[in-house]
Structures are given as structure tokens and as C-alpha cells.
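*Asks:* Sequence:
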Amino acid sequence: MKKKIIAAALSALMMVGIAGCSKSDNTAKEDNKVKITVSINPVREFAQAIGGDKVDISMLVPEGTEPHDFEPKAKGLEELTKSDIFAYNGAGMEDWIDKVLEVAESSEKVTVVDTSKNVNLIKENGKTDPHTWLSLKEAKNQSKAILDALVKVDEKNKSYYEANYEKFSKELDTLYNDNEERFKNLKNKNFVTGHEAFGYLCRDFSLQQKSVEDMFGEGEVTPKTLESLASYCKENNIKTIFSESLASPKTSETLANEAGAKVQKIYTLESKEDNLEYLQAMKKNLDEIYESLK
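The numbering of the sequence shown is the working numbering, which starts it at 77 and goes up by one.
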């Protein structure tokens, strides 16, 4: 029934989008801002960094909502048809994206951006890790895709967007360089999380994560799994189990009790957490991981 309702809403919105195209092209809005709709928080962070005060951004997935569990709502899709740009993470993060692309691509007004198109994707056992934004290196690639779209729809402000991109890129490089050497000098490279979300961060700094749940937060957490991970923690002197705020802490707490470790919060940035911007949250993640490995 839910699928039928969504399909009907999509059909109606596609007609709205098509009709809207005949009335409006890429003419400037009253506030002269480029209207961007994004799928999830990391894409919003990148779009804001590049677009600055010349963009107006709305997000499909509400704050605090697990993106994998999201279902597109009619109101959000209606707003999408009024956008100049629709930017999404890609790499399989939004498993509902086809429904949204039907609406976006029905309008010649909306420029669609898959921000993962130039990302060096991690693929394991036939699955693609979608958490691309947790790499400082790949964040530059994702931001560049947004830059290109902004220049396409608002060329008169090209130099402004390019300057913002250069500034953000340098900040990403600085944070990466500040951490590369200190992680390189650590003997211990292993840390444990509740959810296997940090593969790209690990690749950046040659680290290794072990997790209770897989990269999609799926899979049955059995006593055998917890026992095996608890043994791993004891053998590798791991005293910190990282837990993501959008996930239930129970599994991480159970593992910590078994391993004689503490539970420490870590940010996946799927939603904005503790009111931290992207660079602030990534710095805190890296500091916490580093302290756990010392």
C-alpha cells in the first residue's frame, strides 16, 4: 500500500514539475539565491561551504532520521521541483533515490548532482560502502561536484564559488595533514565501532575498524559475534568502543561490558550532531580515535 501511495504522489508531482517547466526557466528568484535541495546532511555541509550566502538549501531527510529508513514525502518532493540543483550523496547511500530522481529529472529546471561520481569507492563482497563523506580526501571530490553544478546554473558568481571551494579544500587538506603524521607513527591501528561506517576514514589514515554491525547497520548481532569481538578487544588492548548517536547504544554497551572497555560517542555526520560543522565533527572524530589508539 505504501508503495502505491508513493507512486501516486510521484506521478502527480512529475506532472507539476513538467507543468512548472513551461512557466519558469532558470530565471533569478526574488532573493537571487540558488535554491538547492540535498538528500542528507553531509551534502548540505558541502553545499553550504561552497555556496555560502548565495544559496538557499533544503534537505529531504529530516535531522535525526536514519537515511536508510527514510521514505520520500510529497511535500519534500514538491519543493524539489522548484529547485535549481538537487545534490545527493550517491554510492548507494540513498536506497530510495530512484523515486526522487524521477521527480527531479522530470523538470529541465533541476540540475541533478551525484556527488560520489568522482569518488574512489570502497567495494567489499559485492557491496559499495556509501559513507564517502567520512574521508577528508573524498569530501573534496564531492564538494567539487557541487562546485561544478553551481557554476553551471549561476555562472555570474563563478569566482565566488571557486574561492569558497579553494578555502574549503585547504581546510580539508590542513586537517588531513595534521593527522596523517601522528596516525602514521602509531603502532596500534585498530579500533572498534558499533557500525561499520568508517572505511573511508580508515583508508585515509591506514587504520582498521572492527564493527558489531555491517556498513548498512544490518545483520544479526549474535552472542557468538559479541564474544568474538570481546576476545579481539582483549587481545588488542582495545579500551574504547565507539558508538554512533543515530544507532542504538545497546550493542556497543554490551560489547564494552564484555571487553572491559568504555563507550565513546563518534559522529557519522548523517545528521548534524551537537551543532558541529563538518570540519569540527571530523576533527573530534580523529582526536577521539587517536586518543583510543595511543
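No lab work stands behind these hints, which were simulated from the structure alone. It cannot be assumed that every hint is accurate.
[As the list claims (entries may be wrong)] Cut-off 27 Å, straight-line C-alpha distance, at most; resulting in silico cross-link-like pairs (DSSO-like, lysine-lysine): (1) Lys260 x Lys228; (2) Lys149 x Lys216; (3) Lys286 x Lys220; (4) Lys109 x Lys199; (5) Lys310 x Lys360; (6) Lys151 x Lys263; (7) Lys203 x Lys185; (8) Lys232 x Lys286; (9) Lys175 x Lys199; (10) Lys228 x Lys263; (11) Lys246 x Lys228; (12) Lys130 x Lys260; (13) Lys338 x Lys370; (14) Lys348 x Lys310; (15) Lys193 x Lys246; (16) Lys243 x Lys220; (17) Lys130 x Lys199; (18) Lys199 x Lys185; (19) Lys286 x Lys111; (20) Lys216 x Lys300; (21) Lys109 x Lys220.
*Asks:* Hint by hint, say whether it matches the structure.
*Replies:* Here is what the structure says about each hint:
For the proposed pair Lys260 and Lys228, the alpha carbon gap of about 40 Å is over 27 Å, so the pair is violated. With a C-alpha separation of about 30 Å, the suggested pairing of Lys149 with Lys216 is violated against the 27 Å cut-off. For the suggested pair Lys286 and Lys220, the alpha carbons sit about 31 Å apart, so the restraint of at most 27 Å is broken. Taking the CA atoms of Lys109 and Lys199, the gap is near 38 Å; set against the 27 Å cutoff, the hint is violated.
Among the hinted pairs, Lys310 with Lys360 is consistent with the structure: their alpha-carbon atoms are about 25 Å apart, no more than 27 Å. The hinted pair formed by Lys151 and Lys263 fails the criterion: a straight-line CA distance of about 51 Å is larger than 27 Å. Under the criterion of a C-alpha separation no larger than 27 Å, the hint pairing Lys203 with Lys185 is inconsistent with the structure, at around 33 Å. Distance hint between Lys232 and Lys286 is unfulfilled; the C-alpha atoms sit about 48 Å from each other, more than 27 Å.
Taking the CA atoms of Lys175 and Lys199, the gap is near 24 Å; set against the 27 Å cutoff, the hint holds. In summary, the hint linking Lys228 to Lys263 is not supported, as the alpha carbons are separated by about 47 Å, beyond the 27 Å threshold. Distance hint between Lys246 and Lys228 is fulfilled; the C-alpha atoms sit about 23 Å from each other, no more than 27 Å. Taking the CA atoms of Lys130 and Lys260, the gap is near 40 Å; set against the 27 Å cutoff, the hint is violated.
A C-alpha spacing of about 15 Å is found between Lys338 and Lys370, which places the hinted pair at or below 27 Å, so the restraint holds. For a cut-off of 27 Å, the pair hint linking Lys348 to Lys310 is broken: about 33 Å separates their Cα positions. Of the pairs offered as hints, the one joining Lys193 and Lys246 holds, with about 21 Å between alpha carbons and a cut-off of 27 Å not exceeded. A distance of roughly 12 Å separates the Cα atoms of Lys243 and Lys220; the hinted pair therefore holds under the 27 Å criterion.
In summary, the hint linking Lys130 to Lys199 is not supported, as the alpha carbons are separated by about 36 Å, beyond the 27 Å threshold. This hinted pair does not check out: Lys199 and Lys185 have alpha carbons roughly 34 Å apart, beyond 27 Å. At most 27 Å may separate the alpha-carbon atoms for a hinted pair to count; Lys286 and Lys111 exceed this at roughly 40 Å. Under the criterion of a C-alpha separation no larger than 27 Å, the hint pairing Lys216 with Lys300 is inconsistent with the structure, at around 40 Å.
Distance hint between Lys109 and Lys220 is fulfilled; the C-alpha atoms sit about 19 Å from each other, no more than 27 Å.
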